[in-house]
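Novice: These protein sequence lines are chains A and B, in that order.
Position in the first sequence (first residue = 1) + 1 = the working numbering.
Position in the second sequence (first residue = 1) + 1 = the working numbering.
Think of the hints as simulated: they come from the structure by calculation, not from any bench.
Note that the structure is predicted; figures quoted are calculated from it, not measured.
Keep in mind that a hint or two might mislead.
Repeated chains share a single entry, so a pair holds when one copy, or any two copies, can fit it.
Listed next, the in silico DSSO-like pairs over lysine-lysine satisfying Cα-Cα at most 27 Å (straight line) [claimed, not checked]:
1) Lys93 x Lys165
2) Lys371 x Lys160
3) Lys142 x Lys294
4) Lys294 x Lys47
5) Lys291 x Lys371
6) Lys156 x Lys93
7) Lys291 x Lys47
8) Lys49 x Lys294
9) Lys77 x Lys156
10) Lys155 x Lys93
11) Lys335 x Lys267
12) Lys294 x Lys259
13) Lys165 x Lys371
14) Lys291 x Lys49
15) Lys155 x Lys165
16) Lys134 x Lys259
17) Lys371 x Lys294
18) Lys371 x Lys260
There are 2 protein chains.
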Amino acid sequence: MINNAIMFSEYAKVYRDNLLNDVIPFWLNNSADDELGGYFTCLDTKGKVFDTDKFVWLQGRQVWTFAMLYNNVEQKQEWLDFALHGASFLLKHGRDTNGNWYFSLNRSGVPLTQPYNIFSDCFAAMAFAQLYKATQNELYKTIAIDTFNNILRKKDDPKRGYNKAFPGTRPLQGFSLPMILCNLVLEMEFLLDAKIVEKTINEGIEKVMDVFYQPDLGLILESVTPNGDFSDSFDGRLVNPGHSLEAMWFIMDLADRKKDNQLMKKAVDIAIDTLVYGWDEEFGGIFYFKDVKGHPPLQLEWDQKLWWVHIETLITLIKGYYHTNDERCLVWFKKVHDYTFAHFPDAENGEWFGYLNRQGEVLMQLKGGKWKGCFHIPRGLLQCSNVLQSLAEMQKNPILINA
Amino acid sequence: MINNAIMFSEYAKVYRDNLLNDVIPFWLNNSADDELGGYFTCLDTKGKVFDTDKFVWLQGRQVWTFAMLYNNVEQKQEWLDFALHGASFLLKHGRDTNGNWYFSLNRSGVPLTQPYNIFSDCFAAMAFAQLYKATQNELYKTIAIDTFNNILRKKDDPKRGYNKAFPGTRPLQGFSLPMILCNLVLEMEFLLDAKIVEKTINEGIEKVMDVFYQPDLGLILESVTPNGDFSDSFDGRLVNPGHSLEAMWFIMDLADRKKDNQLMKKAVDIAIDTLVYGWDEEFGGIFYFKDVKGHPPLQLEWDQKLWWVHIETLITLIKGYYHTNDERCLVWFKKVHDYTFAHFPDAENGEWFGYLNRQGEVLMQLKGGKWKGCFHIPRGLLQCSNVLQSLAEMQKNPILINA
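With the hints as extra help, turn the sequences into a complete structure.
Specialist: Structure follows, in structure tokens:
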């Protein structure tokens with residue numbers, strides 16, 4: 002049964018090699034705008050720029066990635082310089098006069114899209130927090146904290162004037178922001194007041210695990226009523242399995258910090274249930290969207306297989322195994338790993354394809370665009386390789402699993 | 002070569018049968034909300050309601066369809082009553098206090114989505130104009146004219162406060178509204194001042210054929226700069242072949258009215274060029290979106306095959322042949338007809354599937370939803386069957402074509 006063995010050290014090497022010898026060089030070599038600053042993210046299969054618009058959240062994510070690599074992997078000057086290159090563009094062009102981060106800029110930094118999207122703020126805060134850790138530059142600290150406080154101020158009405166919903170008819174709360182705050186608060190813990198950290202963590206866990214998680218369904222919904230009830234509407238029926246699975250490793254990190262084994266176990270159970278629900282038994286891979294009542298969802302792209310869904314799921318599974326020894330995590334890790342590494346990485350030109358059709362064929366000839374940048378893959382490769390390495394050190398022998 | 006023969010009378014019968022014995026009964030039987038008024042449009046494969054939201058533009062389109070059938074096919078009381086059923090719901094709930102039509106309502110008619118979308122207004126205007134023709138009720142006439150004038154007032158800033166674009170950085174004009182005005186003005190001609198009709202027609206033709214049509218590309222773009230120039234951006238590079246093809250029969254109708262043979266011929270040429278460009282040589286069918294420079298478009302659904310694209314193209318091709326005798330139209334008509342009737346109609350449960358994947362398999366198990374209602378298919382089936390019938394009467398023998 003050696004074929005089914007998870008040789009942790011070998012897997013760790015696969016993830017680390019892909020990160021350091023493929024994905025990171027791809028962005029270093031192809032994405033800098035040396036002339037006008039910031040990063041290009043619209044890169045074709047070979048890494049050639051096909052559009053020059055600059056999406057603020059992707060700029061922030063890439064700054065975060067290189068600062069985080071500098072802080073956590075190796076203090077390479079090249080990585081820090083690359084992060085600073087993006088940060089300087091963001092500082093010059095990223096915000097309006099009220100400190101809200103625009104959604105997108107043109108190549109030279111003139112605003113293209115209004116700051117309607119609070120995720121631009123979230124990733125800017127993460128970016129400048131990591132950069133402060135790397136440089137101790139007080140300016141970055143101030144920007145990170147100010148942006149975080151602005152997020153908390155806006156969080157109950159994140160779209161502000163750009164919300165097209167008629168007020169009051171069908172009020173819904175969305176999963177994305179509470180979920181991301183669970184991660185952001187740990188990212189920024191060293192900069193924040195301890196009380197705010199505790200409050201944000203406890204609220205985040207409650208929202209994710211008690212409000213959006215529906216015990217009768219065994220699933221997390223993307224939108225629920227203000228009371229946390231099910232809304233039988235397109236928005237209310239929507240399940241985004243990748244989102245739920247990503248949230249589970251945010252929760253595992255919080256459970257680990259709190260030494261809360263019950264919370265950890267619950268996160269593993271939800272992850273496995275979501276994976277069983279979201280897995281495409283016919284072609285493999287995890288669906289992008291499903292309607293919880295089995296109706297057709299609004300999203301025409303529902304059956305596609307996306308890069309971030311798969312790498313985030315791998316983080317969740319390996320962390321779940323590390324913390325609980327639950328063998329289901331390992332069985333699924335191997336299954337998702339095999340699908341992912343057979344379909345997404347581009348051995349010829351580097352990096353990963355982002356979008357596959359249901360059958361697993363490449364749907365978009367790109368490595369980056371408006372929604373795919375330098376973030377999920379490097380973050381996931383590093384997290385997985387670190388956890389796999391810890392497992393390898395704990396237990397030298399391969400584990401046989403019934404895959 | 003009898004297999005390649007277009008027997009116009011037989012084809013006419015196929016379209017008329019599908020309209021009268023399948024599609025129209027499907028909506029009559031399944032879509033009425035007898036309790037709270039208006040129509041359900043979210044119908045599953047068998048016609049069962051799976052969501053009760055009411056999208057104002059689809060309500061308007063369905064009112065238009067049944068009033069139009071009453072006016073143009075047969076004065077069936079059932080059809081008129083069905084149109085009036087939807088109109089009464091729209092009158093009660095459809096507009097804000099300034100006469101703007103909401104985008105969507107909940108089942109009982111309370112607004113769900115603000116009136117950010119000018120197409121709600123366009124289809125309301127069409128609906129009440131047809132209903133006035135059927136009933137001579139002055140109220141409907143007033144609403145149609147008021148709504149038309151409101152559209153003209155809003156047309157240079159159709160999204161009004163809901164536009165997220167930062168003003169001035171990359172101003173673009175969109176193809177949809179000028180295109181639809183080319184059709185709307187003929188629909189409402191009998192209600193409008195002759196000077197406004199002439200002005201709207203001439204402006205519409207100029208916009209579609211001189212501003213959005215790009216002679217160097219041989220294609221129509223969805224967005225161009227205010228001067229009509231190409232914008233090398235995601236929006237500026239976007240081609241929607243179905244949109245361009247639909248617009249060509251609107252232009253043919255105007256060319257016919259103006260007795261402008263040169264305009265007619267140009268519309269046929271653009272239609273054929275667009276079809277050659279948009280046709281999927283591998284799996285058949287017409288792509289939903291393409292990037293004119295061959296880059297990945299933003300739209301993840303770019304390779305899907307949609308019902309409206311195919312039925313609108315059939316109208317264009319048969320009208321093009323009728324007016325010009327251009328044999329390319331007939332060759333393509335047969336090719337698109339064969340693909341369409343092999344893939345979209347559901348012989349078992351009636352009506353057409355709306356969304357196929359690139360391979361031609363059903364992607365969404367629905368007959369109606371947020372974007373598909375009772376409109377394109379009945380309109381297209383009637384237009385095609387009428388033109389085919391005229392061709393059959395003009396020329397009794399089959400025409401052999403080199404398909």
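Novice: For each hint, tell me whether it holds in the structure or not.
Specialist: Here's how the hints hold up against the structure:
In the homo-oligomer, the alpha carbons of lysine 93 and lysine 165 lie at most 27 Å apart only across protomers (21 Å), although the nearest pairing inside one protomer, at 31 Å, exceeds that limit. In this assembly of identical chains, the alpha carbons of lysine 371 and lysine 160 lie at most 27 Å apart whether taken from the same copy (19 Å) or from different copies (22 Å). With identical chains, the CA atoms of lysine 142 and lysine 294 are never at most 27 Å apart, being 46 Å at best within one copy and 42 Å at best between copies. For the homomeric pair lysine 294 and lysine 47, the shortest alpha-carbon distance between copies (16 Å) is at most 27 Å, but the shortest distance inside one copy (41 Å) is not.
When the C-alpha separation of lysine 291 and lysine 371 is checked against a cutoff of 27 Å, the pair qualifies both within a copy, at 23 Å, and between copies, at 16 Å. When the C-alpha separation of lysine 156 and lysine 93 is checked against a cutoff of 27 Å, the pair qualifies only within one copy, where the shortest distance is 25 Å, while the shortest distance between copies is 36 Å. In this assembly of identical chains, lysine 291 and lysine 47 lie within 27 Å of each other by CA distance solely across copies; the values are 20 Å between and 32 Å within a copy. In this assembly of identical chains, the alpha carbons of lysine 49 and lysine 294 lie at most 27 Å apart only when taken from different copies (14 Å versus 42 Å within one copy).
For a Cα distance limit of 27 Å, the shortest separation of lysine 77 from lysine 156 qualifies neither inside one copy, at 36 Å, nor across copies, at 55 Å. Proximity of lysine 155 and lysine 93 under a CA criterion of 27 Å is satisfied intra-copy only: 23 Å inside one chain copy versus 36 Å between copies. Taking the closest pair of Cα atoms, lysine 335 and lysine 267 come within 27 Å of each other only inside a single copy of the chain (21 Å); across copies the shortest separation is 58 Å, beyond that limit. Taking CA atoms no more than 27 Å apart as the test, lysine 294 paired with lysine 259 passes in neither setting, with 35 Å inside one copy and 53 Å between copies.
In this homomeric assembly, lysine 165 and lysine 371 come within 27 Å of each other (Cα to Cα) both inside a single copy, at 22 Å, and across copies, at 16 Å. In the homo-oligomer, the alpha carbons of lysine 291 and lysine 49 lie at most 27 Å apart only across protomers (19 Å), although the nearest pairing inside one protomer, at 34 Å, exceeds that limit. Taking CA atoms no more than 27 Å apart as the test, lysine 155 paired with lysine 165 passes in both settings, with 17 Å inside one copy and 18 Å between copies. Proximity of lysine 134 to lysine 259 under the C-alpha cut-off of 27 Å is restricted to the intra-copy arrangement: shortest distance 23 Å within a copy versus 71 Å between copies.
In the homo-oligomer, the alpha carbons of lysine 371 and lysine 294 lie at most 27 Å apart only across protomers (17 Å), although the nearest pairing inside one protomer, at 31 Å, exceeds that limit. For a Cα distance limit of 27 Å, the shortest separation of lysine 371 from lysine 260 qualifies neither inside one copy, at 38 Å, nor across copies, at 46 Å.
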